[in-house]
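Counted from 1, the sequence shown has number 78 at position 78 by our numbering; the numbering is strictly sequential.
Worth flagging that the hints you see were computed from the coordinates, not collected in a lab.
Please read all numbers here as calculations on a predicted model, not as lab measurements.
Every residue, glycine too, gets a C-beta built ideally from N, C-alpha and C.
Mixed in with the good hints, there may be bad ones.
[As the list claims (entries may be wrong)] Derived DEER-like restraints, expressed as beta-carbon distance ranges:
| hint | residue 1 | residue 2 | range |
| --- | --- | --- | --- |
| 1 | A12 | D106 | 45 to 53 Å |
| 2 | G31 | D185 | 43 to 51 Å |
| 3 | R7 | A146 | 41 to 49 Å |
| 4 | Q24 | D108 | 15 to 23 Å |
| 5 | R52 | V121 | 39 to 47 Å |
| 6 | Q49 | A123 | 18 to 26 Å |
| 7 | R187 | Q38 | 40 to 48 Å |
[What the hints assert, rightly or not] Taking lysine-lysine pairs in the DSS-like style, the calculated list, with each CA pair at most 25 Å apart, reads:
| hint | residue 1 | residue 2 |
| --- | --- | --- |
| 8 | K116 | K129 |
| 9 | K189 | K129 |
| 10 | K116 | K189 |
| 11 | K129 | K39 |
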Amino acid sequence: MPQFRARIAAPALTPEERVSLVRQASQLVDGFYAHLLQKRAMYAVEPSQRLRLLMHRLGELSDATFHEELARIFVELRDLHTLYVRPRPYRGRIAALRIQIEQYWDDDSPHWIASKVAPAVAADHPDLKGAEILHWNGSPMALAVARNAEREPGSNPAARLARGLERMAFRPLKVSPPPDDDWVDLRYKV
């Protein structure tokens, strides 16, 4: 992640390209997005105003921050059909732990397990497959999944949680923000 973050910090878009992207996003939201009034009412979001504010801040933002701000405006619409897809170098890049995490319920309590583990990871952590994951970077798993879910699109809380869990360990960077962490510490029990 440090190398990728350094790469996305370098300006890839010209100021004119940034202006064009924000204008196109504004035209899309204000002129074509049929659910705008509903999303404003349901989620108390104001994407048109956010885009106007973004336009005024273009010169002070890094490329990475610009793309994150633009993507966030669309994520907050909570509509999987209306996403901002980041350009190169995000496209084709995936932040992956090479494990799959799944949730199950027992006695009305959620639990998370490492259901699949890549051979290279299993070689270093032979007891990880099937283990219950308790903490993600020191946060209880429920909190870590909920926080990640807020960064992902989804039209209802259950959809966001499902998407958030899915993208804890496998995150396509063209539609999801890069991880904040350079590594992940998992606390689990076998």
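Checking each numbered hint in turn, tell me which of them this model violates, lowest number first.
3, 4, 6 and 11
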